[in-house]
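K.L.:
Once you have looked at the hints, place chain B on chain A.
There are 2 protein chains.
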Amino acid sequence: MKVVVNVRLKSGVLDPQGKAVEHALASLGFDSINSVRIGKQIVLDVKEADENDIKKDIEKMCEELLANTVIEDYEIVL
Amino acid sequence: MKVVVNVRLKSGVLDPQGKAVEHALASLGFDSINSVRIGKQIVLDVKEADENDIKKDIEKMCEELLANTVIEDYEIVL
Chain A
1 MKVVVNVRLK SGVLDPQGKA VEHALASLGF DSINSVRIGK QIVLDVKEAD
51 ENDIKKDIEK MCEELLANTV IEDYEIVL
Chain B
1 MKVVVNVRLK SGVLDPQGKA VEHALASLGF DSINSVRIGK QIVLDVKEAD
51 ENDIKKDIEK MCEELLANTV IEDYEIVL
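Residue numbers (the working numbering), protein chains in the order written: chain A, 1 to 78; chain B, 1 to 78.
FYI, nobody ran anything at the bench for these hints, they're computed from the structure.
Careful, some of the hints might be misleading.
Identical copies carry no separate label here, and so any pair may be met within one copy or between two of them.
With a straight-line Cα cutoff of 16 Å, these simulated EDC-like cross-link-like pairs (lysine to aspartate or glutamate) come out [what the hints assert, rightly or not]:
| # | residue 1 | residue 2 |
| --- | --- | --- |
| 1 | 40 | 57 |
| 2 | 2 | 22 |
| 3 | 40 | 15 |
| 4 | 60 | 31 |
Next up, chain A with everything else stripped away, as it sits in the complex (with noise of 0.2 Å):
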């Protein structure tokens, strides 16, 4: 099954890829625009098995490796 991780910067922390997005989306003519924070959809092809278990899984990956929980925070969507 699939499931789909996302891992955001936290508010507050400096998102210099998305201050560059979000210029050059002005420089192009968007000016409907009022900010970009990019962040990363990692999408897990994980084998069957119990909703709950994999959740724990997940967030254990989460924590591990998937995101750096000093200045990212992260959803689990199954």
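P.N.:
Using the frame of chain A, we list chain B on its own:
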């Protein structure tokens, strides 16, 4: 209002970042993963306007800047 754009590599396009994470998870002992693909999640804060206008605008941004449509697909979540 917030608009989320998910940008993913098309299936069939090699994803070295995903492969690296796949191997890293395996070497950490997570053996329930079949494959990993990594994309971008772009969160735009857009000035309030008609939803259809916003969608059209965002589509144009995706085609022009946010996604490389040769190798990437995008999905707009209003």
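K.L.:
Please go over all the hints and tell whether each is borne out by the structure.
P.N.:
We went through each hint and held it up to the structure:
1. For the homomeric pair residue 40 and residue 57, neither the shortest alpha-carbon distance inside one copy (19 Å) nor that between copies (22 Å) is at most 16 Å.
2. For the identical chains of this complex, residue 2 and residue 22 are inter-copy neighbours only, at 14 Å across copies versus 31 Å inside a copy, given an alpha-carbon limit of 16 Å.
3. When the C-alpha separation of residue 40 and residue 15 is checked against a cutoff of 16 Å, the pair qualifies both within a copy, at 13 Å, and between copies, at 14 Å.
4. In this assembly of identical chains, the alpha carbons of residue 60 and residue 31 lie at most 16 Å apart only when taken from different copies (13 Å versus 41 Å within one copy).
In this structure, the one hint that does not hold is number 1.
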